[in-house]
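Colleague: Each chain, letter by letter, is given below.
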Amino acid sequence: MQGSSSFKIVIKHLFLIIFTLATLYPVMMVVRKSFSPGNTFQRSLNPIPEKVTLQHYEDVITKTDSTGRFLFFRQLLNSIVVALVTTIIGLFLASTAAYAFSRFRFAGRGIGLNMFLIVQMFPATLLMIPLYVIMDKLNLLNSIAGLVLVYSTTAIPFCVWMLKGYFDTIPREIEEAAWIDGATRFGMFWRVVLPLSKPALAVTALFSFMTAWNEYILAETFLNEESAYTLPVMLQHYVGSYSTSWGKFAAGSVMVSLPVMFIFYILQKNLVSGLTAGGVKG
Amino acid sequence: MSKNKNPFNFLMKTNFKSLPLFIVCLVLLLVASLVVVLRVQKRTVEQEIRQKGIKQILQINAAGTSNIENKSVKKFFKLKAHNKFNNKLYNFEFVRGFDRSNRNQEFKGQLKGQKFASLHDLATQALADKRAVMQLNRGNPPHAVIALPLKNNQVGIIVKNITTRTAPTPWLGIIFIIMLATAAFFLTPEPWKIIITNSIGALGFGLLASGYRLTPHGTLGEILSNSPAGFTRGLFPTIWLATSLFFIGTGLLYQRGKIDKLIATIKSNRIAYTYILPAMLGMGLLVLLPFAIGLGLGFFNHCNGEFQFIGIDNFVDILSGGGTSLGNPLNFYFTLGVTLLWTLLNVFLHVSIGLSLALILKDPLLKMKSVYRVLLIIPWAMPNYITALMWKGMFQQQYGAINIILDKIGIGGISWFSNFWPAFMANVITNTWLGFPFMMVVSLGALQSIPSSLYEAAEVDGASKWQQFRNITLPLLRPALFPAIVLGSIWTFNMFNIIYLVSGGEPGGSTDILITEAYQWAFKRGERYGLAAAYAILIFVVLIIYTRITNKLTKAAEDM
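Sequence lines, in order, name chains A and B. Residue 1 is where the first sequence starts when you use the numbering used here, and the numbers rise one by one after that. Residue 1001 is where the second sequence starts when you use the numbering used here, and the numbers rise one by one after that.
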């Protein structure tokens, strides 16, 4: 019995190692490409680069526009500003609304909640045409302020559902205790409910941040000056219709993915419970 | 009551309960008038630019186009245009490709810091029509951008500032109507106060605006003899109708006491509404409004910037298959079939791979669990457009790793994107890679919550591993797995990035799913926004039905 189960463990390890390697292989190829010279892929399966060069990283970082300004840092700054401001606005809007949906019974509550759910089903890509027109009218095309507005509002329905689900699990008695101690409505929300919901808030923040950091198609449509691009648009252009600089794409991908993967790993445990408990069942 | 004794008694009794409502209506009236006025003024500007601009195009054509030099370098080219009218040299730098054969190629042009998103369209149109084409920009100052077809399929572009005068805003008329409405407010009896006041406002506004709108068309005689072109066209009738309906509607509601009730509800739920207000404002402007426009757009046809109402023709066109056979990639049912197959296959693969991994990782004797776990969720953590492009590279015919592997095994490389099944499978492989970690993590979490005593009891009873899986694991996994599957299938159904970036619908649009198909109609196949919106509505309907069914299933499962 003992022998067969340790044999099983070895088999499991073997399977997991092969599966993990197969899963990570494409990523390793990208990392390899980012360090090896030349802009196309080599006909090679070895994930370890034969020659190591930082040329692609240097190229991506030092790319300048026609007037000689560094583009990468501008685009990086755009992405950071867009993602951070989106997160802050999104958190504020979603947490207040979710609190109301969770704690108050008011006329229009049911309609509102259903509406938030239904709106999510409408393909976001297709909101693009009307959004483009509205952004144009508001003179927000080609500006990161416009992007921030769009991102933080399109993420709201999902975040509201997620947060509402979490707020529902916080017992009202805690708030009532605070009420007796003389807390105001806002005080209860700010000092009691929000601190208790840190895990859910972290997930919501992660969700908003990742949406804004990774979003590509709206940014591509709304922005048309290189200095206003966010990083995803920049990256896509390296392998777009007119150029195939796989090396630069790979180097850029590594730089763009690392921060978001880092944040993802810090918060991922909360993510699953947040998504399944709050997000769907409500 | 005493109000019947003296006909003017109500003057004494005028109460100001309805004053806030009256003020709201007045402000709306003002805004609506100004909208119409500004539109008319813009149109006058536009007409003048049009007249002047056309003259100038003729002159430029006559005076010779030799002032325009161009340099064509492959797909990119720079263009210099010397405008002899204001003696300035304009540099056009075409930042992105300019592909004449494909009108829908994206293009962005720069002109001394200014941008013309449609410069490419302008140039293409000029070439196609073999005549000068002009675009009017109501910037400050207003200017016309003119594209001229030159020899050798080149286009010259000229920018001309234009001075215009605008018709004065009819402040007098607006003030008069507001005074009239105010007078009506004070002179009419209570339950009817708002409806009468509002009707007068709506009527006056309509008369004023239509009168103003017709002024540029000439004298009254001219307007009456040449049917007043602008009267029924454009936004004006809609605005007038909408405001009138709103005014009369609020009046009626007020008269029946509904408004009071609404205000009372708002007052009693004041705190709740304050919390929701910020989110609602943002959502209203940037989600609900586009959503409503998107819904409406499905009933229009878009052609060269003009929208035309065509009823349900778009839907008929889509649902009847648009005259194509079932096997045609542009046929709706073909795309729907591909979408369903895509969703089913993906969700099945996500769940089975994710669940298997979770079952393996669950083994308490297994070491280094967290290492595997951390490594295996990398695909989930990576931005999905990078995943898509990365896999596109993997599937490349010549240098892609997949073909090299196939070569080594001896099967030989495949041209992945020239046949339906390889292209479809390429998409599925990419999306499976992307999606299994989510299911794995969900299953792991759920498996951990199953008490091990259940398995021990089953062991004692002599149940086989398979029986344990069937009778303990699966039923207890369901509450956690089911929502994840619903969520995952909606994500997959609308997974735009993978399809768009990996196969791009190749070959011939056959691997497009509904959402990318809609995108293609809107942005790649001649700006058919109406048709694209109709597609979006159909996607929406399908998903609503789907969630309805799954909701019922969850409810049934919970009741069991």
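Some hints could be false.
Unchecked claim - Okay, the calculated beta carbon distance ranges per label pair:
| # | chain 1 | residue 1 | chain 2 | residue 2 | range |
| --- | --- | --- | --- | --- | --- |
| 1 | A | F104 | B | I1248 | 28 to 36 angstroms |
| 2 | A | G182 | B | A1264 | 43 to 51 angstroms |
| 3 | B | S1449 | A | W179 | 28 to 36 angstroms |
| 4 | A | E50 | B | S1449 | 17 to 25 angstroms |
What the hints assert, rightly or not - Quick look at which bits of chain B chain A covers, simulated, 3 or more residues with Cβ under 8 angstroms:
| # | region |
| --- | --- |
| 5 | 1199 to 1208 |
| 6 | 1390 to 1396 |
Since the hints were derived computationally from the structure, they do not count as laboratory data. We put the CB at the ideal spot given by N, CA and C, even for glycine.
Colleague: Does each hint hold? Answer for all of them.
Modeller: Against the structure, the hints:
1. Hint check: F104 of chain A to I1248 of chain B, Cβ distance near 33 angstroms, so the stated range 28 to 36 angstroms holds.
2. For the pair G182 of chain A and A1264 of chain B, the supplied restraint of 43 to 51 angstroms is violated, since their beta-carbon distance comes to about 29 angstroms.
3. A C-beta distance of roughly 34 angstroms is found between S1449 of chain B and W179 of chain A, which places it inside the suggested range of 28 to 36 angstroms.
4. Against the hinted window of 17 to 25 angstroms, the Cβ-Cβ separation of E50 of chain A and S1449 of chain B comes to about 48 angstroms, which falls outside the hint.
5. With a threshold of 8 angstroms between beta carbons, the proposed coverage of the region 1199 to 1208 of chain B by chain A is violated, since 0 of its residues qualify and at least three are required.
6. Taking a C-beta to C-beta cut-off of 8 angstroms, the region 1390 to 1396 of chain B contributes 6 residues in contact with chain A, enough for the three needed, and the coverage statement holds.
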